[in-house]
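Using the sequences and the hints given, assemble the complete structure.
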Amino acid sequence: MTVTLVRTAAPDDADRRRPVPAILALLLAGAAVLVLAAALSVAFGTRVVGWNDLVSAFTTDADGIAEAAVRQRIPRTLLAMLVGASLGVAGAVLQGLTRNPLADPMILGVTPGASLAVVSGIAFFGLSTATGYIWVAITGAALASAFVYGIGSLGRGGPTPLKLALSGAATTAAFTSLISAILLPRVDVLNSFRFWQVGGVGGATYTKLGQVLPFLIVGALICIACSRGLNSLALGDELATGLGERVMVIRVAAFVGAVTLCGAATAVAGPIAFVGLVVPHVCRLLIGVDHRWLLPSAAMVGALLLTVADVVGRVVARPSEIEVGIVTAIIGAPFFIYVVRKQKVRAL
Amino acid sequence: MSVDVLAAGRTRRAVRRRGALATLVVLVVATFVVTLMVGQTFYPPGDVLRVIAGQTVPGASFTVGELRLPRAVLGVLAGVAFALGGVTFQTMLRNPLASPDIIGITHGASAAAVFAITVLAVSGAVISLVAVVAALATAMLIYVLSFKDGVVGTRLILIGIGIAAMLQSVVSYLLVRAATWDLPAAMRWITGSLNGATWSEVVTLSVAVAAFGALLLSHSRRLDLLQLGDDAASALGVRVERTRVTVIIAAVGLIAFATAATGPIAFVAFLSGPIAARLVGPTGSLLVPAALVGALLVLVADLAGQFAFGSRYPVGVVTGVLGAPYLVYLLIRTNRAGGSL
Chain S
2 MTVTLVRTAA
12 PDDADRRRPV
22 PAILALLLAG
32 AAVLVLAAAL
42 SVAFGTRVVG
52 WNDLVSAFTT
62 DADGIAEAAV
72 RQRIPRTLLA
82 MLVGASLGVA
92 GAVLQGLTRN
102 PLADPMILGV
112 TPGASLAVVS
122 GIAFFGLSTA
132 TGYIWVAITG
142 AALASAFVYG
152 IGSLGRGGPT
162 PLKLALSGAA
172 TTAAFTSLIS
182 AILLPRVDVL
192 NSFRFWQVGG
202 VGGATYTKLG
212 QVLPFLIVGA
222 LICIACSRGL
232 NSLALGDELA
242 TGLGERVMVI
252 RVAAFVGAVT
262 LCGAATAVAG
272 PIAFVGLVVP
282 HVCRLLIGVD
292 HRWLLPSAAM
302 VGALLLTVAD
312 VVGRVVARPS
322 EIEVGIVTAI
332 IGAPFFIYVV
342 RKQKVRAL
Chain W
2 MSVDVLAAGR
12 TRRAVRRRGA
22 LATLVVLVVA
32 TFVVTLMVGQ
42 TFYPPGDVLR
52 VIAGQTVPGA
62 SFTVGELRLP
72 RAVLGVLAGV
82 AFALGGVTFQ
92 TMLRNPLASP
102 DIIGITHGAS
112 AAAVFAITVL
122 AVSGAVISLV
132 AVVAALATAM
142 LIYVLSFKDG
152 VVGTRLILIG
162 IGIAAMLQSV
172 VSYLLVRAAT
182 WDLPAAMRWI
192 TGSLNGATWS
202 EVVTLSVAVA
212 AFGALLLSHS
222 RRLDLLQLGD
232 DAASALGVRV
242 ERTRVTVIIA
252 AVGLIAFATA
262 ATGPIAFVAF
272 LSGPIAARLV
282 GPTGSLLVPA
292 ALVGALLVLV
302 ADLAGQFAFG
312 SRYPVGVVTG
322 VLGAPYLVYL
332 LIRTNRAGGS
342 L
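If you read the sequences in order, they're chains S and W. Going by the working numbering, the first sequence opens with residue 2, and the numbers climb by one from there. Going by the working numbering, the second sequence opens with residue 2, and the numbers climb by one from there.
Since the hints were derived computationally from the structure, they do not count as laboratory data. Ideal Cβ positions, reconstructed from N, Cα and C, are used throughout, including at glycine. Check each hint, because a few of them may be wrong.
FRET-style restraints, in silico, Cβ to Cβ [as the list claims (entries may be wrong)]: (1) Gly204/S / Asn196/W: 29 to 37 Å; (2) Leu216/W / Val253/S: 52 to 60 Å; (3) Gly127/S / Arg178/W: 27 to 35 Å.
A short list of chain S residues far from chain W (calculated; beta carbon distances all over 12 Å) [unchecked claim]: (4) Ala40; (5) Arg48; (6) Arg293.
Pulled from the structure, derived: some chain S residues nowhere near chain W, Cβ distances all over 10 Å [said to hold, decoys possible]: (7) Thr60; (8) Ala67; (9) Ser168; (10) Thr177; (11) Ser178; (12) Ala182; (13) Gly326; (14) Ile331; (15) Phe337.
In structure tokens, the structure reads:
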């Protein structure tokens, strides 16, 4: 056995496969809630906007401050939904791929990898185009997570949650120092970087959406194409091979898909922690462990979580706002601890 | 015969330990003096020694006595404090990666200090106090959260990483809210720096190092016995939980005061223990050797950060960049051996 991880809920894994009509009903209900959340996200924000202004923003050409604020919230909401969906799917794929319940873009070093790549790109190679950012971020994310996973899976027992989390934390610490070393002498880059670093969707524009959308679509398609393979992987490498799956091909493809999703999301919204961790767990509870249903539901719940977190961040700190990355970290860290406590962690 | 062999081995290890300790002391003193000599103006060792002795030397009295000396002393104290705190946790949890700068305790102190500065607008000793209370609270929170039929090291480390991530985002948030003119000062709370060291900081930290350091040293035997495992340690007469709590309080206090004075200097807590273990070999307590290594690391890194590159870097950036490859090496080696992970 190479897998040392024991999920406490394992005994009822088999009957967590719900009937299809029930899943469809849940997905529909989720979609309805998501639409509601999107409406809330447009209606509520840092600036309090009356009903009349809200209506006139959509029906007239009026160009007051209220209307402008409302119109600005539309791309912001779309971006929050896209980023949340991407991170949710990426998290689900990474957890299935590594068979590790703590796998998350942040813990696997994807986010710091993307940050380091973007910062070095700006500082040393004069990187300035948005598409360039995305490519560089994806490359950095892929390299960093492959590195973390490689180190974490050395030795006995393969990639255990502890080894992965430690090598992720260590790599993050190392990358953070490198980022500071690059940034400190360059005050102008530092100033813009500190805003990127917290992770937010406030600066959304339609142009940004257009630039990141192709990457997200490609990543999502790859992930969806892998969903059946991920189901086989969940049975263990030997059994999956016995079922005729090409394990390595699935691994690499799913990895590329997930990294594309979270690299692109990070490039456009900055590092947003814990969404990729929390969402798949919630979805597994609701939908079951079949990746063909898990991935779409993770996209939906991820979009929902990020949209709601963004609204909360805008409303609680008026007249200022709390970036969505901070809200998700505050929600997500307790959840991470809960998952750790539920694991049967082996004594040293 | 075999007794002779054992005795010879023991003597050899003791000699090696003494040699390594002496070398470390010499290196720390030498680096300390060099730190005082070099800078915008160079002062010969004679001037430096006379300033330390309390005589008035034109020029040097101010530059060395008021600028370089507090900086160097603060560096030594912070190095000692971080190293002692780090090696204590590493010994207690029997894992080189379980250092306070990875499991979130430093982050707790850091977040509280940034909060105190940017939101409460306090300064001086109050910041230290807030940081210490927060670090203790963080450590207690991690301990309580990982308590489930006893504390398992692995669970504690994982939960610490989660807490660290959350606190990190709090620091990021506070920094975004900070005014632009506060930014260079605020960056200190991400990287750690000795810039602007003052005598009052030195006094606060030296009291803390003396008090908590003495407490730790008096427990060093019991700490080493704890490494054998809780059952063996209690069979040997160690009151396990009480020792653990005392030692944790002392280590957290050291980390918190040091973080409040200099910000979290990356990797010093993490690196000092393993380096010291390499140098002195497998004998005796690691506390003193690690403290010396910590002081040396901070002094050398600060010297390099000030003068070795085109622009001046705070000490934490240098230790971070130096520490990163070692950290990766350590991870690879530990995982290969399949040992403590």
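Now the hints, each set against the structure:
1. Take Gly204/S and Asn196/W: their Cβ atoms lie about 32 Å apart, and the range 29 to 37 Å holds.
2. A hinted range of 52 to 60 Å for the beta carbons of Leu216/W and Val253/S is consistent with their spacing of about 53 Å.
3. Between Gly127/S and Arg178/W the Cβ separation comes to about 31 Å, which falls inside the hinted range of 27 to 35 Å.
4. Listed as a non-interface residue, Ala40/S keeps its Cβ farther than 12 Å from every Cβ of chain W; the least gap is roughly 27 Å.
5. Every CB of chain W is more than 12 Å from the CB of Arg48/S (nearest about 19 Å), matching its label as outside the interface.
6. Every C-beta of chain W lies more than 12 Å from that of Arg293/S, the closest at about 30 Å, which supports listing it as non-interface.
7. The claim that Thr60/S lies off the interface holds: its Cβ sits roughly 36 Å from the closest Cβ of chain W, which is beyond the 10 Å cut-off.
8. The claim that Ala67/S is not at the interface with chain W holds, since no C-beta of that chain comes within 10 Å of its own (minimum 25 Å).
9. The claim that Ser168/S lies off the interface is violated: its Cβ sits roughly 5 Å from the closest Cβ of chain W, which falls inside the 10 Å cut-off.
10. In this structure Thr177/S is not separated from chain W by more than 10 Å, as the shortest Cβ-Cβ distance comes to only about 7 Å.
11. Chain W draws Ser178/S into its interface by the beta-carbon criterion, the shortest separation being 2 Å against a cut-off of 10 Å.
12. For Ala182/S, the condition that its CB be more than 10 Å from all CB atoms of chain W is violated, with the nearest at approximately 5 Å.
13. Interface exclusion of Gly326/S from chain W breaks down, the closest Cβ pair being 7 Å apart, not more than 10 Å.
14. At the 10 Å boundary, the C-beta of Ile331/S falls inside the reach of chain W, the nearest C-beta of that chain being 6 Å off.
15. The beta carbon of Phe337/S is not kept farther than 10 Å from every beta carbon of chain W, the shortest such distance being approximately 4 Å.
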